[in-house]
Amino acid sequence: MLYRESGQFKTNYKQDSAIFPILQDRIAIMFYLAVAFIVIPIFGSNFFIDSMMIPFLIFTLAAIGLNILTGYTGQISLGSGAFMGVGAYSAYKLVTIFPDTNVILLIVLSGFFAAGIGMIFGLPSLRIKGFYLVVTTLAAQFFLEWAFIRIPWLYNYNDSGAIEVPRREVMNVIVTGPEASSVTRYLIVLSIVVVMTWIASNLIHGRIGRSWMMIRDMDIAAELIGVRPLYAKISAFAVSSFYCGVAGAMMVFLWLGAAEVESFDSNQSFLLLFMVIIGGLGSLVGSYLGAAFIWMLPVVLRALPKLFGLDINTATVEHINFMIIGALIVFFLIIEPNGMARMWSMLKQKLRVWPFPY
Amino acid sequence: MDLLYQIFIAPFIDMVSTPDFLLQVLWEGFVTGTLYSLIALGFVLIFKASGVFNFAQGIMVVFSALTLVGLYQAGVPAYLALILTIGVMALLAISVERLVLRHMVNQSELILFMVTIGLSYFLIGLGQFIFGGETKSMITEQLGLPTGSTEFEPFGGILILQHIDIAAVVIAGILVAGLAFFFSKTRIGRALRAVADDHQAALSVGISLNQIWAIVWFAAGIVALATGIMWGARSDVSFALQIVALKALPVLILGGFTSIPGAIVGGLIIGFGEKLFEVYWGGLLGGGVEGWFAYVIALIFLMFRPQGLFGDKIIERV
Amino acid sequence: MFMKLATGTVALALAATLQMAPLSAAETLNVPSLTYRTGPFAGAGIPIANGFSDYLTMLNERDGGIGGLKIVNPECETGYNSQKGVECYEATKGDGALVYNPYSTGITLQLIPKAPVDKIPVLSMGYGLSATAVGEKFPWGFNYPATYWSQMSSILKYIDSKDGGIKGKKIGFIYLDVGYGKEPIPLLDALSKSMGFTVAKFPVGVKEMQSQSSHWLKVRKEKPDWMIMWGFGAMNATAIKEAAKIKYPLDHFIGNWWAGANADLDPVGEVGKGYIAANMSGNGTDFPAIQDVLKFVVDKGLSQVKDRSEVGKVLYNRGVLNAVVVAEGIRLAQKISGKAAITGSDMRDGLEAMDISAARWKELGFEGFTAPIKSTCKDHAGGGSIFLQQWNGSSWERISDLIPPMTDIVRPMLLAAADKYVADKPDWQTQACE
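Residue numbers (my numbering), protein chains in the order written: chain A, 66 to 423; chain B, 21 to 338; chain C, -3 to 430.
Just so you know, the hints here were simulated from the structure itself, not pulled from any lab data. Glycine is no exception: its CB is placed at the ideal position from the N, C-alpha and C atoms. Keep in mind that the hints are not guaranteed to be accurate.
[To be verified] Have a look at the derived ranges for each label pair, beta carbon to beta carbon: (1) A:Asn221 with C:Lys166: 25 to 33 Å; (2) A:Ile400 with C:Glu266: 48 to 56 Å; (3) A:Pro420 with B:Ala94: 51 to 59 Å; (4) C:Lys166 with B:Ser128: 52 to 60 Å; (5) A:Gly291 with B:Ser128: 20 to 28 Å; (6) B:Gln231 with A:Leu372: 39 to 47 Å; (7) A:Leu98 with C:Val113: 27 to 35 Å; (8) B:Gln93 with C:Thr194: 42 to 50 Å; (9) A:Ser410 with B:Gly306: 47 to 55 Å.
[Said to hold, decoys possible] Taking lysine-lysine and the DSBU-like style, the derived pairs with C-alpha atoms no more than 30 Å apart in a straight line are: (10) C:Lys165 with C:Lys153; (11) C:Lys370 with C:Lys66; (12) C:Lys421 with A:Lys158; (13) C:Lys219 with C:Lys197; (14) C:Lys166 with C:Lys189; (15) C:Lys197 with A:Lys158; (16) C:Lys243 with C:Lys165; (17) C:Lys166 with C:Lys197; (18) A:Lys158 with C:Lys416.
Given the sequences, and given the hints that come with them, work out the whole structure.
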């Protein structure tokens, strides 16, 4: 009823190729942003912001990164957790080496280090693909995990081997460290994620994004019409690792406050892949939906039995969580390989033509 | 100079000066390699017949071992538990075929691969849900497997061979021989190879794809069970084993995805290589290099021979 | 259909969030547990969590709680994962949490900087950051009865008393390669110089816990006179098996108090005979208070233990010990603040005033269970004595008296470490002690 495009005419190509061609969509985006930037900081409880929103946004960013590589360029990767780690450790080094520089800037800069490492491990993709590439990304994962433990320079020769976030201020507001308020950290994370989503959207709809998708859909044809696989693939690895790296740096600096290697282990890589699969391969909205789903599911599962007055032991909940995630992945891949994002757009399509079936 | 000495000379002096120790390292490498080969064998079986790269193979190893121990702890006699576990693996094979594979015909290989990742998560949850998350010890003696060890004294040193390791090697040998016989001499085996060659053609001569898939998954389940028992006897049964099972991936790269001899040779190369490298060179890098050595070897190998040592299918070059 | 499912999920998620809103916690004593009943360390996490919650339940059942208030003990599952630990902390701290017992050095490290901000003390009983023993620098952290460092010094003392002293010997140190395992290395390095022994280190990555054959090959190559292990979970049993495999003399192989549980040795059985481990809590059920736990909790079916025989095992009793200390801290906090419904700050004062003498242990129904614990403003690590126990093939036998640590060496090192920790934190909250 409300969601309908009658009366909205496109009078030039620019309008026609807009990302949100429908007025209601643009209003909805404005609404979401308003909720995220104004309503949640004012009304959200600390728990909600700290344990739901911040991790959700950070994982979204990492999922976007992986989606660029897996969803848009068709290169499956099981090393995204380690690339988050590269971001985190380089941010830690940068922040301790340059204590007076704006910490937010350093967090974003750390993405470039992740991009560099990502490009190196992306090189084999020029020769191989498919499962073979899975093995090389796993090699990256395990090698980097090892490096995070065995190169003590990375954690400043700390006895514990963990990186701890020092307190830093930006314009007299405490941004990192345990004293930083949830709302401050939330707003920074949100801003970075929104800006980087916007950049990703432009990249994907632009020349470089099209070349990624051509490589994904048919690499030989892409090469024939002039896409250079070298540039396309390496740039996908670089951009993807950049996003993962920034997400990893934010994870440590703006969410956890300290981290060890295990935060970046292969389980993290799997979870990111699940977010992308369940959310929808090759969809930015899907990255948001997938991250929200994978992140919220355990929280909901923990709370559900209590709602019904049941007392299920925490271990059982964890096991059920595993089973549900596993089953859902199989389910989604069978029924709707394009994930939740596809369901979302189907719903919008249905609304658009309502009450007619099509 | 000193570093070069450390890398190129010192380890070899070590090897020559304590030959008994070198033999021990090689034996450990051989046993570990055999177990890697067994896991890789499970992958190859399924990949050959259905083109599915079964990521869950490693989890099936743990799951089957856990089922066996869990049943035993629930009061089932050891041998009966073994038979029941084989039954469970058969059931698993049939349900995977019915509920998953049947719906995935004609999907791309990557989608199939991701399905098996989902499957492995499901099995992790299910296994712990039923049998609990704590580490369990394998019922080695109850199954009639030897414990104890034999000592030799070559070159005036000492070489200790665990009986369970010898048993592992023998059982692996029997399994491989059995599978080879099954593939080349039986009717089902020939059907299996036909499916591996060409799905369409196999279908048109009246081979039931669904049936074949269930059989392969079952065979892979049996291999997983054997691996689980052996590995469980060496350490313990818990889901921490799944990381070890992932080592089968580099083994496959080395050996090729479709070759049974490849899986065996690849497993042995990785087994020998990582033990030698860890023991003689690992110290230079701070130790713990075993975790990634196999993967890096695979990565380098991929650059030169992407189809693997014995792989018959030329990989799609980009 | 799918959309309904999706909407339903979202609605549930929202409902769940609302549910999470802090329940009014004024009239209970909230002691959250960060448990790991799943994951690679579940074998250790389950008995600890059971012992901890069973003792608190026993206090509720027998005494109606502490000071007339019931204790609530919500559990949150971490799987021994630091990241999940922080989530759990954030999720549970709002409900008036009094104290956190993370049971993971990784999680402890993450909570230490948060404690002063949220005003909730962290009690890492015999684990965590050794430097928290320095009360001036860590007002909110407690790690009595002993730190990893003092424990290591006690073990070295024991070795020094055997086989004609430690001088000139080679000590092999095999450890789990995470924050926990690396923690005692600075002390080991320092003592190797002053006591005149050499150290060979064998790190075991979490991924290699169950395939240690190359680590033990290296041990065989290095031929250390003694082996010390800082292991945990599935690592322990594998290590002992591998040690037996290379014919390493097990009575020269000493584990710390996380490498000496029944769960570690039961799978090894006869093979592990002779293996030595440190301990700080008594074994068995021959203590009146543990009998009460059996009577009021386990026999009534209020416990999560699967079998009555699990009570009294090493890690179960460790959990009980932790709960006793927490309960005593609550009592002291109530006494100091003069009110029953205490806060995290009160609890901190209570923990700092901790003083359980041998007589008090007897009063609590734990005669001979462990050494006296006494905390002061300066010293948050208490007495710090440990004893050693030896595996006889089916159970543990105590083989030593309480071994006090080398305080004169450990304390200055703790001070230096605390200074180092605080050095790059200009606004770190410290306290003055006279």
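Quick rundown of the hints versus the structure:
1. As the Cβ distance of A:Asn221 to C:Lys166 is approximately 30 Å, the hint placing it in 25 to 33 Å holds.
2. For A:Ile400 paired with C:Glu266, a C-beta distance near 54 Å keeps the hint of 48 to 56 Å intact.
3. Here the CB-CB span from A:Pro420 to B:Ala94 is close to 57 Å, well matched to the stated 51 to 59 Å.
4. A beta carbon spacing of about 57 Å between C:Lys166 and B:Ser128 agrees with the range 52 to 60 Å that was offered as a hint.
5. Under the hint 20 to 28 Å, the C-beta atoms of A:Gly291 and B:Ser128, about 25 Å apart, fit the expected range.
6. In this structure, B:Gln231 and A:Leu372 meet the distance hint of 39 to 47 Å, their C-beta atoms being roughly 45 Å apart.
7. At roughly 30 Å, the beta-carbon separation of A:Leu98 and C:Val113 lies within the given 27 to 35 Å, and the hint holds.
8. With their beta carbons about 44 Å apart, B:Gln93 and C:Thr194 fall inside the hinted range of 42 to 50 Å.
9. Taken as a hint, the range 47 to 55 Å holds for the pair A:Ser410 and B:Gly306, whose Cβ atoms sit roughly 50 Å apart.
10. Restraint check: the Cα-Cα separation between C:Lys165 and C:Lys153 comes to about 13 Å, which is no more than 30 Å; the hinted pair holds.
11. About 26 Å separates the Cα atoms of C:Lys370 and C:Lys66, which keeps this hinted pair within 30 Å; it holds.
12. With a CA separation close to 16 Å, the supplied pair C:Lys421 and A:Lys158 stays within the 30 Å bound.
13. For the suggested pair C:Lys219 and C:Lys197, the alpha carbons sit about 12 Å apart, so the restraint of at most 30 Å is met.
14. A C-alpha spacing of about 12 Å is found between C:Lys166 and C:Lys189, which places the hinted pair at or below 30 Å, so the restraint holds.
15. With a C-alpha separation of about 27 Å, the suggested pair C:Lys197 and A:Lys158 falls inside the 30 Å cut-off, and the hint holds.
16. Note on C:Lys243 and C:Lys165: the hinted pairing holds, with a Cα-Cα distance of about 19 Å set against a maximum of 30 Å.
17. The suggested pairing of C:Lys166 with C:Lys197 holds, with an alpha-carbon distance near 11 Å, which does not exceed 30 Å.
18. Restraint check for A:Lys158 and C:Lys416: satisfied, since their Cα atoms lie roughly 18 Å apart, inside the 30 Å limit.
Consistency with the previously given hints is maintained throughout, with no hint failing.
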